[in-house]
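Residue numbers (this note's numbering): -1 to 248.
Among the hints, a few may not be true.
The calculated label-pair distances, taken between Cβ atoms and stated as ranges, are [what the hints assert, rightly or not]:
(1) Pro116 with Gly211: 31 to 37 Å
(2) Arg135 with Asn44: 16 to 22 Å
(3) Gln37 with Ser175: 39 to 45 Å
Calculated directly from the structure, the hints in this document are not laboratory data.
Ideal placement from N, C-alpha and C gives every residue a C-beta, glycine not left out.
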Amino acid sequence: FHFSAHSNALSGTLPADGFSSITWRPSGSTFAVDLSRNQLTGPIPNYLLFTSTATTNVEFLTFSLQLYSNMLSGSIPPQMFTSMYSALTYPYFAYTALIDISRNSLSGEIPANLLLPPMVASIGSYASLTLNMYSNRLSGTFPENLASILSQSTAQLTIVSVISNALSGPLPTSCSSSTQMQYLLADNQFAGSIPQQWESCTFSQIMIGNNIGVNGTIPADLLGGPIATFSAPNTSLTGDLPTNVSSTLI
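Take the sequences, apply the hints, and build the full model.
Pasting the structure below:
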């Protein structure tokens, strides 16, 4: 299923019954919906990705939902993806898993169970998992449960972006040592120290700038891996600069 109508002047709301009539093929399925850069309004339906056809062992070559740069409002439905997964027994995401709902007016908290552990664990080792929620009006904390689920990803690259929201509380502690992770958490209201757990994880990019409440020191071993970008301007970090900073940020 491939539907692309991005960069138009489409208005109105998303269909209440979502894409429930889709029939999935057991192998080589593609789900790619791109309605980005339009003028869609209203909430994201609770069961946007609900499917009425139960299928076993569906292999997705590409799974992509792009709703960014619209005027969607309301909260993120916690069952938006889980309702689909419950009908598709043991799906497998081979190459791309992309969810982009950035640049809207979504508010409220990020659902702790937005993704299920089996969904993340069934992403291929050559795939990328991207969860973009930046430039909205999201508040509350970043759910540690969701961070823990994302840390179970077997994808080659896992990207989480919540830049430019109103999230508060501590930085998420869970991360992965088996996948390249990008935590893009800048321009929020996070507070507290950089988690020591991050030292044992594999990051390619960390962005925590413009969170004035982030304090303490930079963990000594945080920059000891293959990290390419560490950005923390306009925070309240103190202490000595790690001695390995020049040899790791390349």
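Against the structure, the hints come out as follows:
1. Pro116 with Gly211: 31 to 37 Å: Holds, since Pro116 and Gly211 (Cβ atoms, about 35 Å apart) stay within the stated range.
2. Arg135 with Asn44: 16 to 22 Å: holds, 19 Å
3. Gln37 with Ser175: 39 to 45 Å: Given about 43 Å between the Cβ atoms, the range holds.
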